[in-house]
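Colleague: Below are the chains, spelled out letter by letter.
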Amino acid sequence: GAVVSQHPSRVICKSGTSVKIECRSLDFQATTMFWYRQFPKKSLMLMATSNEGSKATYEQGVEKDKFLINHASLTLSTLTVTSAHPEDSSFYICSAKGGFTDTQYFGPGTRLTVL
Amino acid sequence: AQKVTQAQTEISVVEKEDVTLDCVYETRDTTYYLFWYKQPPSGELVFLIRRNSFDEQNEISGRYSWNFQKSTSSFNFTITASQVVDSAVYFCALSELGNQGGKLIFGQGTELSVKP
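In order, the protein sequences belong to chains A and B. My numbering numbers the first residue of the first sequence as 7 and each following residue consecutively. My numbering numbers the first residue of the second sequence as 2 and each following residue consecutively.
Any given hint might turn out to be false.
What the hints assert, rightly or not - Listed below are the simulated EDC-like cross-link pairs for lysine to aspartate or glutamate, each with C-alpha atoms no more than 16 Å apart in a straight line: (1) A:Lys47 / B:Glu27; (2) A:Lys47 / B:Glu11; (3) A:Lys48 / B:Glu11; (4) A:Lys47 / B:Glu112; (5) A:Lys48 / B:Glu45; (6) A:Lys48 / B:Glu112.
Calculated from the structure, these hints are not laboratory results.
Please work from the sequences and hints to get the whole structure.
Modeller: Below, the structure is given as C-alpha cells:
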C-alpha cells in the first residue's frame, strides 16, 4: 500500500519551454502533496505544500509563477516548470500524505534537464 | 528553529559489518515525528520508520534497529550484518505535528557504501 507514481521519470527540454510533471497516489487519497527539489549529493529542498482543492503554499525563495502547482483531485498533483532554463535542471520528487497517516510516501522522482 | 543534523556525510563498510548512522535533531515542540528514509541509486525515497516523540522504545525490524533518545535529541539507525544492497543515501527527517500539514525537515543525508 501507499504507492506514489510520478510521470515522466526523465524529461529533456529546450530552454524557454514549459514542462509538466504529474504525481499520483495510486492506492490512497492524498489530502496533502509535497514537491521537493534535490541537487546532486544534496538533501531534499521543500518547494511547496499543496492541499486538495486549495492553493499551494510555497516555501520562501520559490517563485510561484515559475513553479505552478495544481492539486485538483485527491490522487493527482501537477508541477509545471514554466519557461524552463538550464538552472532549473534538477531532480524533482513529490510525496503524498493521506488523512490516515502522518507519513509522507515518495514518488520515484523526475529528472529534468533543460538544454 | 527545527533542524536535523547527520554529521556523517559518507560511511564505507565491508559486508557483514554493523554500521550506525547518527541523527541529531532540534525542535522546540514537545510533539513531533522522526523518520528515516532510504534513497537507493534509483532515486526513490523508501520509508523505513516513523517514531512519535512520546514513544522512546527502541525498534527492531530484521537487520535494522533504531535508538531514540530524547535526552540527547538523537535518533540513530543501526544496520547489523550489512549487505551490498544496503548501499544508499539515508535521510533522517523531523516533522512537527500540526506544522503546515506536517512538512518534513531533512538532514543532509549519509551515503552508505557497503563493499563485498
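Colleague: None of the hints should be skipped; say for each whether it holds.
Modeller: Checked hints:
This hinted pair does not check out: Lys47 (chain A) and Glu27 (chain B) have alpha carbons roughly 23 Å apart, beyond 16 Å. Straight-line distance between C-alpha atoms of Lys47 (chain A) and Glu11 (chain B) comes to about 11 Å, which keeps the hinted pair within the 16 Å bound. Between Lys48 (chain A) and Glu11 (chain B), the direct Cα distance comes to roughly 12 Å. Compliance with the 16 Å bound is thereby established for this hinted pair. Between Lys47 (chain A) and Glu112 (chain B) the alpha-carbon distance is near 9 Å, which keeps this suggested pair within the 16 Å criterion.
Of the supplied pair hints, the one linking Lys48 (chain A) and Glu45 (chain B) holds, its CA atoms being roughly 14 Å apart against a limit of 16 Å. The straight-line distance between the Cα atoms of Lys48 (chain A) and Glu112 (chain B) is roughly 10 Å, inside the 16 Å bound, and the hint therefore holds.
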